[in-house]
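J.: For reference, the chains in residue letters:
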Amino acid sequence: MYRQIIIVGLNHRTAPVEVRERVAFDGSLLGDSLRRLHALSSIKEGVILSTCNRVEVVAAAPEEGVALRDVKAFLAEQESVRGRPLEEHLYIYSGDGAVRHLFRVAASLDSMVVGEPQILGQLKGYYSAAQEAGTIGTVLHRLFHRSFFVAKRVRTETGIASRAVSISSVAVDLAKRIFDRLEDKTVLLIGAGKTGGLVARHLQRNGVRSLMVTNRTFERALELAEQFRGSPIRFEDYPHYLSLADLVVGCTGSPEMLLGPETVGAVLRERKQRAMFFIDLGDRRNFDPAINQIDNVYLYNIDDLKNVAVENLQGRSREIHKAEEIVDEEVINFFHWLESLEQVPTIVALRGRLEQIRRREMEKSLSTNLKGLSEKERQALEEMTSAMINKILHAPITRLKGLSEDQEEALYIDALKKLFGLDEK
Amino acid sequence: MDMLVLKVTAVVYLLATASYILYLVRPERSSPRVPSAVLLAGFVVHSLALALHFFQVGYPAVTQLREALSFYSWLMVGVYLLVQIKYRLTVLGSFIAPLAFLIAFSAFTFGTGGEELPPALKTYWLPLHVTLAFLGNAVFALAFGVSLMYLLQEYQLKNKKSSALHSRFPSLETLDRLNYIFLVWGFPLMTLGIITGSLWARINWGNYWSWEPREISSALTWLLYGALLQARIARGWRGKKAALLTIVGFVVVLGYFLLGDSIFPSRHGGRFE
Chain Z
1 MYRQIIIVGL NHRTAPVEVR ERVAFDGSLL GDSLRRLHAL SSIKEGVILS TCNRVEVVAA
61 APEEGVALRD VKAFLAEQES VRGRPLEEHL YIYSGDGAVR HLFRVAASLD SMVVGEPQIL
121 GQLKGYYSAA QEAGTIGTVL HRLFHRSFFV AKRVRTETGI ASRAVSISSV AVDLAKRIFD
181 RLEDKTVLLI GAGKTGGLVA RHLQRNGVRS LMVTNRTFER ALELAEQFRG SPIRFEDYPH
241 YLSLADLVVG CTGSPEMLLG PETVGAVLRE RKQRAMFFID LGDRRNFDPA INQIDNVYLY
301 NIDDLKNVAV ENLQGRSREI HKAEEIVDEE VINFFHWLES LEQVPTIVAL RGRLEQIRRR
361 EMEKSLSTNL KGLSEKERQA LEEMTSAMIN KILHAPITRL KGLSEDQEEA LYIDALKKLF
421 GLDEK
Chain V
426 MDMLVLKVTA VVYLLATASY ILYLVRPERS SPRVPSAVLL AGFVVHSLAL ALHFFQVGYP
486 AVTQLREALS FYSWLMVGVY LLVQIKYRLT VLGSFIAPLA FLIAFSAFTF GTGGEELPPA
546 LKTYWLPLHV TLAFLGNAVF ALAFGVSLMY LLQEYQLKNK KSSALHSRFP SLETLDRLNY
606 IFLVWGFPLM TLGIITGSLW ARINWGNYWS WEPREISSAL TWLLYGALLQ ARIARGWRGK
666 KAALLTIVGF VVVLGYFLLG DSIFPSRHGG RFE
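Heads up: the protein sequence lines correspond to chains Z and V, in order.
Position one of the first sequence corresponds to residue 1 (my numbering), numbered consecutively onward.
Position one of the second sequence corresponds to residue 426 (my numbering), numbered consecutively onward.
Read the hints as simulated data drawn from the structure, not as lab findings.
Treat the hints with care, as some may be off.
Unchecked claim - Think about it this way: if two alpha-carbon atoms lie no more than 27 Å apart in a straight line, the pair counts; the simulated DSS-like pairs of lysine-lysine are: (1) Z:LYS194 with V:LYS586; (2) Z:LYS194 with V:LYS583; (3) Z:LYS194 with V:LYS585; (4) V:LYS666 with Z:LYS272; (5) V:LYS583 with Z:LYS272; (6) Z:LYS176 with V:LYS586; (7) V:LYS665 with Z:LYS176; (8) Z:LYS272 with V:LYS585.
As the list claims (entries may be wrong) - A partial selection of chain V residues facing chain Z, derived with a Cβ cut-off under 10 Å: (9) GLU579; (10) SER587; (11) PHE594; (12) GLY661; (13) GLY664; (14) LYS665.
On a predicted model such as this, the values are computed, not experimentally measured, just so you know.
Note that beta-carbon positions come from the ideal geometry of N, C-alpha and C, so glycine has one too.
Produce the complete structure using the sequences and hints provided.
T.: The following block contains the structure:
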C-alpha cells in the first residue's frame, strides 16, 4: 500500500518573487501539468498549488526517495531561466511533516499575512482542478478534506483572523466601533502623506463612499482627489467643510497644529453632536490632543494606533499557538486513518466483525428456541455457521489480496471499512 | 407550587447569566444561540409560574411585592426576547439575564410585603395599569442595558484601550440609536401606565393623584425621561449624556421598586385600608 505523502515546493520565504514567477504553473495549462505529474511512474496521486506566494507539489507515492527525486525534476522543468539552481529555494516535506505543512497552509499559518482568508479558497480551487484532471485518489482526497476541516476549526476556535495588526486596519476597526456603518460616512483627508493615503484607501475598501481631499498646494489636492475618486477642496476652505466630515484624517508635515478644541467644539454643535473620529498621522501633531476631551469626539494619533496594533499582534501570537495545537491534533488523527488503510488489519477487523455477529446470534438462539439441542448438534451448528462465514469472506479477501498497490486498493479498503462500520468500536 | 416554579425560574436565569458570560469571554467557542435559548427556557418556566399563580388566586394578582417583581421581570425578559428577534443583540442579554435573575431572586426572598386586593377592587383596571407601567419600565431596562454598554465602549475608546470583550459590543452609533428607540417606546407606555393608574384611583378613591411616594418617584422619572426625549428630538442631544440620564432614571425606578414600597407603605405597597 502506498502511503508516503510528500510536498516539494517554494514560497515567499524561500524564494524571491522572480524565482516564484518562473516556477509558477500557468492556470490554463494546469490540467496538462497535473497529467504530466501523474504520469510519473513513482507518483500515484498529485495536486499542484500555484499562487503568487507559493508553488507546491503535493503527492502520494509508494516510495519516498524516488518520488522526491522525480518531483524535484518535474519542478525544475518549469524553470527555464538560468541562475542559481532551483534546489536552493526548495523545501521538502514528507510523512507527518508534509501533512502538518499542508494543514498549516490551509489554516493560513504559513501565509505572508497570517490569518488571511484567501488561501483556503485557492487551495480548494487547486484541489478541484486535480479532481477534474483525475490525478487525485483516496489518500489526497482525504488529506485535502482534512486540511479544509482544520482551516475551519482554526477559524472558529481561535481569534487568528479577527485582529487588526496594521495601522490602517486598526483605524478601520476603531471607526467601526464608533460608527454603525461606513457607507454613509464622509472622510476628509488633509495632507498628502503616505500613511494618510493608506488609511483613506482602507476606509474606502470598507465601505466609505464620500471622500474630500485638501492640501496646501491645490494642484496636489487635485491629484489626490483623482487618485482616490474624491472631491478636491482648497486648503483655506476646508474648515467650512469640517461639519460634513465624520472622519478627519490629518497627514501633513505642518509644524503648527491645524485644529484646536474651539474649532472642533463649534463644528460639533453645527453637526448636532454627531460623533467625529480624528486620525492624526502627522509627524508633529496635526490636531490638538485636547479635542479628545470633547464629548462625541475621538482622537487617535499614530502612536495610539501603533499601540493597538502591537497589542493585537501579541494577542495574535497567542492565537497562533492555539492554532498550532489544533494542527498537531489533526495530524495525529490523519495518520490514524492512514495506518488503518493497511490490508492485513482490515481483513482481521472484517473477520472479527463477522465472527462477533455469528457468536452473538448463536448464543441468542441456543439460549431460546434451540435450547433443547444436544452437544453433538450444537457442534454441527458451530461448524456450519463458521463455514458460512468463511465462504462469504473467501471471494472478497482473495480479491483484496490480489489488488496491486495502487489507488484501487486504498479505495476498496476504505469502502469496506465504511460498509461494515469497522472503525466503530 | 408556583413558588417552587418561581425558584426554578431564578435558577434558569442564573444559568442564562452564566452562559452569557461564557459567550462574552469565549466568543469563538460558543454560539450566540445558546444563551438566548437558555433565557427563553427561563421565560417559558416563568410563564408557567405566573399561570399557576393565576389559577391558584383566580385573578391576575400583582399587589404583593413578590407578585409585582415576578411579573415585572417576566415582562422584561419577554420584551428583550422580542427585541433579540429583530435586532440580534445577544450582548444586551448579558445585562438583562443577571437583572432578571436578581429581580426573580428578590421576588421569593424578600417579596412577602403587601396584602391581597380587597374583592371590590378586583376589576381589570389594576392589571391594565400595572401591565402598561411595567411594560414601559421593561423597555427602560433595555435602554439601561444599551446605555451601560455605551458608557463602557465610550470609556474604552476615549482612553485608547481595546479588549476582545468590547469589540463584541455594537458601535456607539448603534447603541445611541437603540437608546433613542427604547425611549420612544418606553415613554408612551409609561405615560399610559400613569394615566390608567390615576383614572382607576379616581374611580375607587375619588381623586386622580394622592401624592404617594411611588407616584412622586414615577412622576420624577416620567419628567426625566420626557426631558431627555425632548432634548434628543429638539436639540439633537446624544451620546454620553443621554446614556447617563437613562441610567439614572432606571436606577431610580428600580431602586424604588425594590425598596421604596417597603419603606413607605401605601397603596402601591399593597396597603388598601
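J.: Now, for every hint given, state plainly whether the structure supports it.
T.: Structure-based check of each hint:
1. The hinted pair formed by LYS194 of chain Z and LYS586 of chain V meets the criterion: a straight-line CA distance of about 26 Å does not exceed 27 Å.
2. With a CA separation close to 26 Å, the supplied pair LYS194 of chain Z and LYS583 of chain V stays within the 27 Å bound.
3. Of the pairs offered as hints, the one joining LYS194 of chain Z and LYS585 of chain V holds, with about 24 Å between alpha carbons and a cut-off of 27 Å not exceeded.
4. Distance check on the hinted pair: LYS666 of chain V and LYS272 of chain Z sit about 14 Å apart at the alpha-carbon level, within 27 Å; holds.
5. At most 27 Å may separate the alpha-carbon atoms for a hinted pair to count; LYS583 of chain V and LYS272 of chain Z meet this at roughly 20 Å.
6. For the hint pairing LYS176 of chain Z with LYS586 of chain V, the CA-to-CA distance comes to about 15 Å; that is within 27 Å, so the pair holds.
7. This hinted pair checks out: LYS665 of chain V and LYS176 of chain Z have alpha carbons roughly 18 Å apart, not beyond 27 Å.
8. About 24 Å separates the Cα atoms of LYS272 of chain Z and LYS585 of chain V, which keeps this hinted pair within 27 Å; it holds.
9. Interface restraint check for GLU579 of chain V: the shortest CB-CB distance to chain Z comes to about 9 Å, inside 10 Å, so the restraint holds.
10. Hint status for SER587 of chain V relative to chain Z: holds, with the closest Cβ pair at about 5 Å, below 10 Å.
11. At a threshold of 10 Å, the smallest CB-CB gap from PHE594 of chain V to chain Z is about 8 Å, leaving the interface hint in force.
12. Because the beta carbon of GLY661 of chain V sits about 3 Å from the nearest beta carbon in chain Z, less than 10 Å, this interface hint is met.
13. This hint holds: GLY664 of chain V has a C-beta 5 Å from the nearest C-beta of chain Z, less than the 10 Å allowed.
14. This hint holds: LYS665 of chain V has a C-beta 6 Å from the nearest C-beta of chain Z, less than the 10 Å allowed.
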